[in-house]
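Participant: The hints should help you fit chains B and C onto chain A, whose structure is shown.
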Amino acid sequence: MATAAVSPAYAPTEPTGKSGIWSWLTTVDHKRIGALYLYTSLAWFAVGGLEALIMRIQLQGPNGHVVSAQRFNELFTMHGTTMIFLVIMPLSAAFFNFLIPLQIGARDVAFPRLNAFSYWVYLFGSLFMNSSWIFGMAPNGGWFGYAPLTTMPYSPGLNIDFWMLGLQILGVSSLAAAFNFITTIINMRAPGMNLMRMPIFTWMAFIVQFLLVLAFPVITIALVFLQFDRFFGTNFYTMTQGADPLLWQHLFWIFGHPEVYILILPAFGLVSEVLPTFSRKPLFGYPVMVYSGMLIAFLGFGVWAHHMFAVGMGPIADSVFSVTTMLIAIPTGVKIFNWIFTMWGGNLRFTVAMKFAITLVALFTIGGISGVMHASPPADLQQTDTYFIVAHFHYVLVAGSLMGLWAGIYYYFPKITGRLMSESLGNWHFWLAFIGINLTFMPMHWSGLLGMPRRIYTYDAGQGWDNYNLASSLGAYIQAVAWLLGFLNIWLSRRKGKISGPNPWGAPSLEWSIPSPPPEYNFAAIPTVSSRYPLWNLGGHGAHGGSVIELSDADKPNPTHIPTAEELGIPIPYSTIKPLFVALFMTLMFGSLLLIHEDKLHLSIALVISFAFLMTVSLYAWLTSPLEPAHH
Amino acid sequence: MHAESVSAEQHHVMGEVHEHPTWKQYKWVALILTLITVGEVWVYYIPSFVAGPLFVPTLLILSAIKFVIVVMFYMHLKYDHRLFRVLFTGPLIVAMCTLLALMFLFSKLSLTR
Amino acid sequence: MATAAVTHGHPPTTTGLDHRKVAIWAFIGSECMLFASLISTYLIYKGRSVVGPFPHEACNPPLCATPLHAILNIPVTSMSTFVLLMSSLTMVLALAAVENKGKPGYEGLFGSSKLWLMATAILGTTFLGFQAFEFTSFVHEGLTIRTNLFGSSFFTLTGFHGAHVTAGVLWLLTLFAIDVKRGLGPKDALLVDISALYWHFVDVVWIAIFTLVYLIH
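Chains as they are written, first to last, in the working numbering: chain A, 1 to 632; chain B, 1001 to 1113; chain C, 2001 to 2217.
Hints in this document: simulated from the structure, not taken from any laboratory.
Check each hint, because a few of them may be wrong.
Examples of chain C residues toward chain B, derived with CB under 10 Å [to be verified]: (1) A2026; (2) L2085; (3) M2086.
In this text the structure is predicted, and so the values were computed from the model without any measurement.
We put the beta carbon where it would ideally sit given N, CA and C, even for glycine.
Just chain A, same shape as in the assembly (with noise of 0.2 Å):
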């Protein structure tokens, strides 16, 4: 009898009726909780973005004095650790949060107060770790912070401490909203929506979450050693007492090489969803998409060696995982053609996200085929350390990852407003944003054969890499502009863009079936599923037919009444703070060990064990209180 909820036009206020900062420290809505990493995440894009810039300033020519070597160090550590962990995974998890459980057909995930917890974990741990520029000692030892030049003998200051322990505290939120979305897509999917009917985009998220929980301990456990090397004078990293230089290049890679590619699926599944809504046709080969997509994860635990060709393992080491490495393109570039096949025949539409889309499948190939020439450890050895690599990553990142996120953005963001975001303004932030990512890091390609290697704040003329600089340097300062465009077209849409109606672009999958932005409690009826492509009409594999979500009515011209909650008898989840105060005690229960390093050890321990007793108290009020209303 009820279908999804009429969509009216855009409502004035927020369909929950709540406002103000209140509203949004205390929230437990996955749609609020997306909305915050996306904005935290494009803040921290900035930063990071301007912590490129001047490093393409530095190297724009020989023998730049812009910063200082060490500055340059903190730079580019900087750089990676924020491009990494605080905007490429919170992006995703943007994503997570606001599209898991509509794609399924849920009214939130499985632990709504576990969800805002981890957001706020991120929020504090991102603002922990770059407090760090404040007392002019930020990260210098690199993304991927080698041991032992991490250890107290090398890196004296408190810079390695701020990475150490910031780093600590963002595994804390990633793992918890792991467990949360691994049990939200299991049990919590709409009836008739089994695996292998849910839209690729969650399929991947699903996979993203158990490479989460598999690889994230053990970059705990090569931190932990770290830290008690670093505090408490423990061996693990000291040569001295016989430990192994390579302990922690094979701990972090372990958890290294399984972050790539937690960093590239959910592009990889955005694009699967835009993909074919723009094509009018359903993705090709989707059981292949899935199964490529696991493969690729569970292979991904066996290359993480192909980052250290370069230390000397040996011939049988290096051989093993040069194989592995190389059979993992296969899954990877199945998926390229399966998006070629897509659109094959396909009545195409060429809107910003389909741009953005296309991008990531013909860009992402040109880091992949870097990334296989990798693979060889003898053409490792000359390619390893150079700007070889730093092309290779940039290209599956930035013109791969962030391009997959950015179609998300312009795709998603009718859903997430109400509004479209601008098709002009898009199209120039696409187009410059094209040509500067590929004049940044094409050239790169060049330098890094030519023998220019990675983490230099400076070089000579004359060694023949200075245009290839310039360029780089270019193609950066046209990047400022694009980015700064599509942050000004969020803004400027946020207010007076289009009104969207439930699905503007004509998408099959639930989430367009209801109004934008969606109502409180997502389905006032949740659905019945019996195909891949709901609202097409189609059969499992095509138009045989099958029940179809009725759409709602966005075509009538006098929009009517979306109904709360109340009038509905959906229980929503009581608005609580306690998420925020367990994520801050925890906070400054981690960052209270910085103390220990300016000899203030007693306060040190005095001050951990009273942020851990409050966090503990936070943690039992939260437990003990209910989640909703109590309801039959």
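Facilitator: Just chains B and C now, with coordinates in the frame of chain A:
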């Protein structure tokens, strides 16, 4: 909350699937665990056995048996929904393979003599 | 057909299982990787300490200031291992008592969830007592977390395990307090089940540690 965990409401004769283990089975599990542990410590004190090639494999196998019966019976993985078996053995396999790989990489294990 | 009538409350879970049970197994999966990393490091560094004390061999100058015997104490640790194994039994009995409260065969002491929860907590605390005794005697014999690779990897690995046991004991005591306050019955079976799964996993990790650290040499 709608889901109800499978409970050992009725005591079936042993061997029934879908019910949790009975008190009888738990007692056996505890006994076997104790016996195996006694066995492990016993062989530890036999110098000739310790020096031989069977020492390490024996201990590994004995502790693996303990591991498996605690997981299957006390954590009732044998009797619960298949999903939990997947959720546990997947990460376990990744963890063990990683450990093995590290042993080879750090020359603690070797395929050649 | 398309949509059902507006539903009140919550839809049933897709698998019929409780969220928290799914989540705890996912958590246990991550703990496998955590302890695998710790155990791997211990095994990597086995035999590579530059100075003593050593786990299974005696240590003489110049590797030690004074001659020292092998520092691991198998008899004592076997006792603590046995204690922890028995705590898994009492945990299982606690869960059975909660699930079957009031049913025939579960009257009296045997069916007392308070008894078995407290017994498990006490056994867990006893294990921790053994650990504390072990750690302090090692320190007295010259092995601290800073002394050598063995000290660092040993204390970190067993320390992490002990921290997990401690958290488990606190969890059990909380359940005990709830049982005293309002009683635990079949409707609380899931809560106790989850804590039991955590507890057994901590036991299972110790099975691995006991063999790989203490027995194998």
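Participant: All the hints need checking, so say for each whether the structure fits it.
Facilitator: Status of the hints after comparison with the structure:
no. : hint  : verdict
1   : A2026 : holds (6 Å)
2   : L2085 : holds (5 Å)
3   : M2086 : holds (7 Å)
When each numbered hint is compared with the structure, no violation occurs for any of them.
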